[in-house]
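**Student:** From first to last, the protein sequence lines stand for chains W and C. Sequential numbering from 1 applies to the first sequence in the numbering used here. Sequential numbering from 1001 applies to the second sequence in the numbering used here.
Calculated from the model, a selection of chain W residues having no Cβ within reach of chain C, i.e. all distances over 10 Å:
{"hint": "1", "residue": "LEU10"}
{"hint": "2", "residue": "GLY79"}
{"hint": "3", "residue": "GLY134"}
{"hint": "4", "residue": "VAL201"}
{"hint": "5", "residue": "PHE213"}
{"hint": "6", "residue": "TRP221"}
{"hint": "7", "residue": "LEU236"}
{"hint": "8", "residue": "ALA239"}
{"hint": "9", "residue": "VAL291"}
Simulated restraints, written as ranges between beta carbons of each label pair:
{"hint": "10", "chain 1": "W", "residue 1": "PRO100", "chain 2": "C", "residue 2": "THR1208", "range": "17 to 27 Å"}
{"hint": "11", "chain 1": "C", "residue 1": "THR1101", "chain 2": "W", "residue 2": "ALA57", "range": "30 to 40 Å"}
{"hint": "12", "chain 1": "C", "residue 1": "THR1325", "chain 2": "W", "residue 2": "LEU29", "range": "37 to 47 Å"}
It should be emphasised that the hints constitute simulated quantities derived from the structure, not laboratory data. Every residue, glycine too, gets a C-beta built ideally from N, C-alpha and C.
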Amino acid sequence: MGRYVIGRVLQAVGVLWAAFTLSFAGLYLLPGDPVDMATNAATGTPVDAAAAAEMRARYGLDQPLWTQYWAALTHAVRGDLGRSISSGQTVTAALGEALPSTLVLAGAGLLLAVIAGAGLALAAAYTRRPWLRGLLTAIPPVGASLPGFWVGLILLQVFSFRLKLVPAFGGTGFAGTVLPAVTVAIPVAAVVAQVLYASLVSTWRQPFVEVAFAKGASRWWVQLRHVLRPAAAPALTVAGLWTGSVLAGVVVTETVFSRPGIGRLAQESVLHEDIPVVQGIVVFAALVFVVVNLLVDLAYPLLDPRVVQANSRKERAHA
Amino acid sequence: MKRAVALTGAVAAALTLAACGGGGDSGGGSGEPSGPPQAGGVLRYGLSLAPTCSDPAQSATNQTIYVTRQIVDSLVDQDPETGQLKPWLADTWTVSPDARTFTFHLKPGITFSDGTPLTADSVRKNFDSIVALGGAKAPLGASYLAGYAGSTVLDPQTVRVEFSGPNAQFLQATSTPQLGIQSDATVAKSADDRCLGGNVGSGPFTYTEWKQNASATLAKRAGYSWGSAVFASQGEAHLDKIVFTVVPESGVRTGSLASGQLDAISDALPQDVSQIESGGGRVQFTANPGVPFGLQVNVTRGPLRDPAVRAALVPALDRKELVDTVLGPQFKVATSVLASKTPGYVDLSSRVKYDPDAAKKLLDQAGWVPGGDGIRVKDGQRLAASVIFAPVFAGNQAILELTQQQLKAIGFDLRLEPLSVAESNVRQNNKDFDFDYYNSTRADGDILRTTFAVDQRNLNARGPSEPLDGLLSQQLSATDPGARAKLIGDAQAAVLDQGLWIPTIELSQAIGVGKNVAGVKFEASARLQFHDTWLQR
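Produce the complete structure using the sequences and hints provided.
**Tutor:** This is the structure we're talking about:
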């Protein structure tokens, strides 16, 4: 098990390094550079070459590519992600300011998504009425295809502008979080429902289900006690997918609901080609993926003991 | 993540297109509250983009300037109606006959909000610091101070600013927020640290909170008594506080204004006007001064080398159709190479007018004959060119699509190349385009020199030519406003004579204002000044 964890951590470091390097290369390939953007974009005023050169020197943009890359990498390893070119803030401060709002949104969205998605899947798998099952299983594809910005605008129109129940922007607590959380949750709930439903249906066909019925258990009891736990494991393996879905939802949702989080920060920094901030966000997103997948891997044996047995057998065989 | 960003972009584009579809009627609208201004209250303002930096000297975008303008005073102010310069921090000033030396006499008793006095030495330190920030960090301020030789403190209330060459535009430049005066402690900070909300000025408002990408809160400066002569009163501002919140989505800004969650908003789109007015609000607009939107011609490319072609393009455009179809009544057609609110503007609408027959005649005479597909040809060369543009203004794409149709009618094939801002910068710097479509805002005719002079960025890629070169440099030495206006007027005609700019429409700022808000005012550069704003309660 110890060896397994070390292997996973090394893998995680590799993923972070790859994310850092690819984002560096990608931003380097974009046309222009942040100095062009900062000096030209808004004003149309020409900047004399000396001033632009001085600014390039200040940000090390006049150095050879490898020197720039090495400097950025060694600084990043030490936790120094540099300063935003457009706002002058340190990247860590910018991420730190944006993070709490995004964590609240993503956490609430994920919670809602799991409750709604699991509820839908359980109800669809439980019912024996074909028309109801057909109706319930038709909901997730619709949810997955609704554009987030549209859902957000409709929710605002109804609950904020007309009914005036919640603030349209700048809110905190339940009233300020509920609409954006629902917006984030809808596509994620759709994924959860689809995967869990498929898994529940195939688990229902397992022989042990009949054994459970033979013991006289009710349909609800069998589903919750015997079917759900083994069926949950495959759904959990795609938690990385949920995380991606949440992060993607956050970008659109934060723009519609004027929330100053990581998604908005990402959008604004890409627009301004603010390389240090974009890199900080990419590395942060990679870190989230790595941690989520690591947690899922570690939690998996708890749901399905066979995984650990298989692993230890493999370890013994290698030894 | 990347895909999501692209999606938001697509969404924005779709909304923009929708925006362009509908015309707008903002002529109706209910009037603003009348009566004597009431003191107190908090103005809640919705910005369309995050301000980039809290430093007036480093401000460039409108949304940034709407915030930073409020915390600093300038040496002089410019009357938005007449373009004349009026006293603000300085009650008098003199300009040397060679337009190289400017002397300002400051009003006595002015203090920064940290209690320190604003003196001639503060002015010197500010200008020195802007030159040190340089063109990369303070592009506008540094261009206004080009050729800065230094400032001399003659006495605590008098400062002399000197340049190495004539610089007549500097006087108007001292009215801009970029050359606003901040405290010694602020200007001693690094460029980055000046962006973080700690700026101290002498203006009618002071920063109380700055949250990057989210909001800025300003409070009234108690004891303010040195307002500009353009203000309705010279005393304290009426509002207790202004809270600027970034609300990027235009539908959310409009809904928030109509439902009373905001008091005023930036960038009210034509299709939002009816919703704003149904809530009792109104849309206030003003045309930007400077160079109006237009096609800047690269005179080294293909058919655009032919002066007759360039001349034919000006009467080929139906500008009224552009405004009526795409933009709505807040916008004006361009009638010269300067926008109508710019000091020194001359009305050249007798030349900048729709006359397709004249355009065709010019092309016929120059030997361009219609080919099989209707596009003209000469010596095997098709009459075709492409235009690069960035999505900095929502209407650009739709305007250019209509322009394309109008030019096709005279046998000219215009191709559209929409680019990101970054790509467009690279193409500009390399002069790799046929036409470049953009505008520039400045309330001084010197914008003609920075846009068209051969020793500036010279996007026309042209060689030296008289009388244009002489006019553009002479206006910098002209200290008499009348004489300078004459030179700037002649320069507009000279730019048209050479076919360097094909004007289309003038940009306007449209601000949505709630029913309880009065006295929202545009300053001369079409940016907001909240000193006279008040709330009816």
